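What follows is the residue order along each chain.
Protein chains: 2
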Amino acid sequence: MSRADKVIAGDLRAGSQLMRDLDDRMPEAIEVLKQIYKNTGNGYIVGVTGNPGSGKSTVVDAMISLYREQGHRVGVVAVDPTSPFSGGAILGDRIRMQRHALDEGVFIRSLATRGQLGGLSRSTFDIVDVLDAMGFDRILIETVGVGQDEIDVMRSAHTSVVVTVPGLGDDIQAIKAGILEIADVLCVNKSDREGADRAVRDLLHMLDLRDAGGGRKDIEIVNTIATKGTKTESGIAELLAAVARHQEKLSVDGTAGRQRQRAAAHVAELVKTMLADRAQAVVDAQGGLEAVADAVSARTQDPYTAAEAIVSAALAKLPRS
Amino acid sequence: MSRADKVIAGDLRAGSQLMRDLDDRMPEAIEVLKQIYKNTGNGYIVGVTGNPGSGKSTVVDAMISLYREQGHRVGVVAVDPTSPFSGGAILGDRIRMQRHALDEGVFIRSLATRGQLGGLSRSTFDIVDVLDAMGFDRILIETVGVGQDEIDVMRSAHTSVVVTVPGLGDDIQAIKAGILEIADVLCVNKSDREGADRAVRDLLHMLDLRDAGGGRKDIEIVNTIATKGTKTESGIAELLAAVARHQEKLSVDGTAGRQRQRAAAHVAELVKTMLADRAQAVVDAQGGLEAVADAVSARTQDPYTAAEAIVSAALAKLPRS
Numbered sequence: 001m002s003r004a005d006k007v008i009a010g011d012l013r014a015g016s017q018l019m020r021d022l023d024d025r026m027p028e029a030i031e032v033l034k035q036i037y038k039n040t041g042n043g044y045i046v047g048v049t050g051n052p053g054s055g056k057s058t059v060v061d062a063m064i065s066l067y068r069e070q071g072h073r074v075g076v077v078a079v080d081p082t083s084p085f086s087g088g089a090i091l092g093d094r095i096r097m098q099r100h101a102l103d104e105g106v107f108i109r110s111l112a113t114r115g116q117l118g119g120l121s122r123s124t125f126d127i128v129d130v131l132d133a134m135g136f137d138r139i140l141i142e143t144v145g146v147g148q149d150e151i152d153v154m155r156s157a158h159t160s161v162v163v164t165v166p167g168l169g170d171d172i173q174a175i176k177a178g179i180l181e182i183a184d185v186l187c188v189n190k191s192d193r194e195g196a197d198r199a200v201r202d203l204l205h206m207l208d209l210r211d212a213g214g215g216r217k218d219i220e221i222v223n224t225i226a227t228k229g230t231k232t233e234s235g236i237a238e239l240l241a242a243v244a245r246h247q248e249k250l251s252v253d254g255t256a257g258r259q260r261q262r263a264a265a266h267v268a269e270l271v272k273t274m275l276a277d278r279a280q281a282v283v284d285a286q287g288g289l290e291a292v293a294d295a296v297s298a299r300t301q302d303p304y305t306a307a308e309a310i311v312s313a314a315l316a317k318l319p320r321s
Numbered sequence: 001m002s003r004a005d006k007v008i009a010g011d012l013r014a015g016s017q018l019m020r021d022l023d024d025r026m027p028e029a030i031e032v033l034k035q036i037y038k039n040t041g042n043g044y045i046v047g048v049t050g051n052p053g054s055g056k057s058t059v060v061d062a063m064i065s066l067y068r069e070q071g072h073r074v075g076v077v078a079v080d081p082t083s084p085f086s087g088g089a090i091l092g093d094r095i096r097m098q099r100h101a102l103d104e105g106v107f108i109r110s111l112a113t114r115g116q117l118g119g120l121s122r123s124t125f126d127i128v129d130v131l132d133a134m135g136f137d138r139i140l141i142e143t144v145g146v147g148q149d150e151i152d153v154m155r156s157a158h159t160s161v162v163v164t165v166p167g168l169g170d171d172i173q174a175i176k177a178g179i180l181e182i183a184d185v186l187c188v189n190k191s192d193r194e195g196a197d198r199a200v201r202d203l204l205h206m207l208d209l210r211d212a213g214g215g216r217k218d219i220e221i222v223n224t225i226a227t228k229g230t231k232t233e234s235g236i237a238e239l240l241a242a243v244a245r246h247q248e249k250l251s252v253d254g255t256a257g258r259q260r261q262r263a264a265a266h267v268a269e270l271v272k273t274m275l276a277d278r279a280q281a282v283v284d285a286q287g288g289l290e291a292v293a294d295a296v297s298a299r300t301q302d303p304y305t306a307a308e309a310i311v312s313a314a315l316a317k318l319p320r321s
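Residue numbers (our numbering), protein chains in the order written: chain C, 1 to 321; chain P, 1 to 321.
Chain C extracted, bound-state conformation (with noise of 0.2 Å):
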């Protein structure tokens, strides 16, 4: 049986192996993942992401029980590009690993590198088809906070759920802005706590704002308390509904569009990290930034002298690496 049959039918060693392998940028890797694209197309992606203290992760978790009590089978991807030295982010993954260790329907991955050159995004998309192909039919990509890594990370799925928490301040009334152009669906989470009506109506508030502005009016609202796992009470039902009809919405006016919207962006990750690469090779080749560095931090040139130079041998090193 080849790598790419493997993974194809869902063995979880072969599937993770050949994660491994593509964060690592392993040409036969690349060959395999090229094999099995075309068995990609069956997982329904959805994003969650939010701000710290919104409780996210618990909405993640209870996410993933629903699915799997509905018969799904559940991928995840929990991308942490703090990269936390503590392993926080991390242990809070493990423990979550460890509740679902023997549930052959859930697999999660971590992301938590950060390369120099690197890219979040592309590591995402690579693992989503991997997971895509091994069956997985519900994905998750996890995200913490709103930076430009995560918005891009967000771009790679078909459903984005913003989580978002009553009460935390004014200052996070910029950030939900922020948030409000990537987001599909809104969970306002712990919506037991004081404050939980008011933040639905800014929300509302906000949304009137941006539609006034032209923006697309088929936000919709949940309330969840999602510590009360899948529950009634929870309000992860009605989250994972919502999700749904917006599935149902893309594809009556615009799978095609979000898929083609997905795809381009992919391409243009790879694109990036491909001539980064190339990059970064002449940069190796030449034993570093040192010399450059000292002669830029000198003054005795400028950097955008020393950059030109660099690309001008990057670009003359035909053909493709």
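None of these hints come from the bench; they were simulated from the model. Source: prediction; values computed, not measured. The beta-carbon is built from N, C-alpha and C at its ideal position, and this holds for glycine as well. Treat the hints with care, since some could be wrong.
Said to hold, decoys possible - In the EDC-like style, the derived pairs of lysine to aspartate or glutamate whose C-alpha atoms are separated by at most 20 Å in a straight line are:
{"no.": "1", "chain 1": "C", "residue 1": "Lys38", "chain 2": "P", "residue 2": "Asp294"}
{"no.": "2", "chain 1": "P", "residue 1": "Lys6", "chain 2": "P", "residue 2": "Glu104"}
{"no.": "3", "chain 1": "C", "residue 1": "Lys38", "chain 2": "P", "residue 2": "Glu308"}
{"no.": "4", "chain 1": "C", "residue 1": "Lys34", "chain 2": "P", "residue 2": "Glu308"}
{"no.": "5", "chain 1": "P", "residue 1": "Lys38", "chain 2": "P", "residue 2": "Glu28"}
{"no.": "6", "chain 1": "C", "residue 1": "Lys34", "chain 2": "C", "residue 2": "Asp21"}
{"no.": "7", "chain 1": "C", "residue 1": "Lys34", "chain 2": "P", "residue 2": "Asp294"}
{"no.": "8", "chain 1": "P", "residue 1": "Lys38", "chain 2": "C", "residue 2": "Asp21"}
{"no.": "9", "chain 1": "P", "residue 1": "Lys249", "chain 2": "P", "residue 2": "Asp218"}
{"no.": "10", "chain 1": "P", "residue 1": "Lys249", "chain 2": "P", "residue 2": "Asp137"}
{"no.": "11", "chain 1": "C", "residue 1": "Lys34", "chain 2": "C", "residue 2": "Asp23"}
{"no.": "12", "chain 1": "C", "residue 1": "Lys6", "chain 2": "C", "residue 2": "Asp21"}
{"no.": "13", "chain 1": "C", "residue 1": "Lys228", "chain 2": "C", "residue 2": "Asp202"}
{"no.": "14", "chain 1": "P", "residue 1": "Lys34", "chain 2": "P", "residue 2": "Asp23"}
{"no.": "15", "chain 1": "C", "residue 1": "Lys249", "chain 2": "C", "residue 2": "Glu220"}
{"no.": "16", "chain 1": "C", "residue 1": "Lys231", "chain 2": "C", "residue 2": "Asp192"}
{"no.": "17", "chain 1": "P", "residue 1": "Lys34", "chain 2": "C", "residue 2": "Asp192"}
{"no.": "18", "chain 1": "P", "residue 1": "Lys228", "chain 2": "P", "residue 2": "Asp192"}
{"no.": "19", "chain 1": "C", "residue 1": "Lys228", "chain 2": "C", "residue 2": "Glu238"}
{"no.": "20", "chain 1": "P", "residue 1": "Lys38", "chain 2": "C", "residue 2": "Asp294"}
{"no.": "21", "chain 1": "P", "residue 1": "Lys34", "chain 2": "C", "residue 2": "Glu28"}
{"no.": "22", "chain 1": "P", "residue 1": "Lys38", "chain 2": "P", "residue 2": "Asp11"}
{"no.": "23", "chain 1": "P", "residue 1": "Lys231", "chain 2": "P", "residue 2": "Asp23"}
{"no.": "24", "chain 1": "C", "residue 1": "Lys231", "chain 2": "C", "residue 2": "Asp218"}
Claimed, not checked - Not everything, but these chain P residues come out facing chain C in the computed CB check (under 10 Å):
{"no.": "25", "residue": "Arg260"}
{"no.": "26", "residue": "Leu275"}
{"no.": "27", "residue": "Arg299"}
Since the structure of chain C is provided, determine the placement of chain P on it from the hints.
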């Protein structure tokens, strides 16, 4: 007087115009930057980041005021990659800008744009260089959140101040962990809040953990109440003193190292941008990614093969743009 001379003379109009043109990557602007580069290196660059809700903007505001009282000229780069459609964060900057509008010794530039292939980090380096050449001797870089972009941006500072706040909940711990990697000074703001002592204890504990792993031991923790402005009880004088001690330390055992690191990061950013521009030009010449995206989303082509074709075309179009 040439454009470069005007900028070096501190002409605000010429400076702003140059920043805008650099953002648009106008070749003439890059030539000007090359000319003024030898006049940079006098500004001391302080990065300030922190969790949403930490009052980071208020801290920056108080720092500006106190630096002004001390006779410094202060340039500020406010980086907000969330690009809020409602103008939330930008509004805050406008309010601040109005406060300092009549003060020629303060220059605030907001960066909210995020291009498909552009980089906040590159823009920040460019603006810092212009501010530096204009004679601003204290340059503050304010970033929102702690994504990869923000961490890259913080790398362009001499001293990194991380603002945190008591009692934001456990989820924050993971963020703090990531953020500790880049912190030179930790600022516990709103230190009159309940839980401030615990926050400091937690931070000390995390620093201990980190040190046990071989990390640096030279991080100072400062308590502030930034809403008190520059009054003694605000702690802002203490914060600036801690920054100054870090600067002192750098000049004894590492300014050269930090400068070299900044220079290397700057060149690496420029290389990425130039290569990305090249790829974008190829994509544009092909009429965008539409056709490629169609093939990829229909699974008739895989994204790697599609990206390789674009990279080959980009590399074939020698020489440099």
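- Message: Run the distance test for lysine 38 of chain P versus aspartate 11 of chain P: straight-line Cα separation, threshold 20 Å.
- Response: Roughly 17 Å separates the two Cα atoms, so the pair holds.
- Message: Would the hint linking lysine 231 of chain C and aspartate 192 of chain C be met if the CA-CA limit is 20 Å?
- Response: 15 Å, holds
- Message: For the restraint on arginine 260 of chain P, tell me whether the closest CB of chain C is nearer than 10 Å.
- Response: 4 Å, holds
- Is the hinted pair lysine 38 of chain P and aspartate 294 of chain C satisfied, with a Cα-Cα distance of at most 20 Å? Holds - the C-alpha atoms of aspartate 294 of chain C and lysine 38 of chain P are around 14 Å apart, at most 20 Å.
- CA of lysine 6 of chain P to CA of glutamate 104 of chain P, is that 20 Å or under? Holds, at roughly 15 Å.
- Message: Between the alpha carbons of lysine 249 of chain P and aspartate 137 of chain P, is the straight-line distance 20 Å or under?
- Response: 18 Å, holds
- Message: Does glutamate 28 of chain P sit within 20 Å of lysine 38 of chain P, going by the straight-line distance between their CA atoms?
- Response: Holds - the C-alpha atoms of glutamate 28 of chain P and lysine 38 of chain P are around 17 Å apart, at most 20 Å.
- Query: Taken at face value, is the distance from the CA of aspartate 218 of chain P to the CA of lysine 249 of chain P at most 20 Å?
  - Reply: 9 Å, holds
- Message: Just to be careful: measuring from the Cβ of leucine 275 of chain P to every Cβ in chain C, is the smallest value less than 10 Å?
- Response: 4 Å, holds
- Query: Is the Cα-Cα distance between lysine 34 of chain P and glutamate 28 of chain C 20 Å or less?
  - Reply: 43 Å, violated
- Is the hinted pair lysine 249 of chain C and glutamate 220 of chain C satisfied, with a Cα-Cα distance of at most 20 Å? 12 Å, holds
- Message: What's the verdict on lysine 38 of chain C and aspartate 294 of chain P, does the C-alpha distance respect the 20 Å limit or exceed it?
- Response: Distance of about 14 Å is within 20 Å: holds.
The structure is inconsistent with the numbered hints 8, 13, 17, 21, 23 and 24, although it conforms to all the rest.
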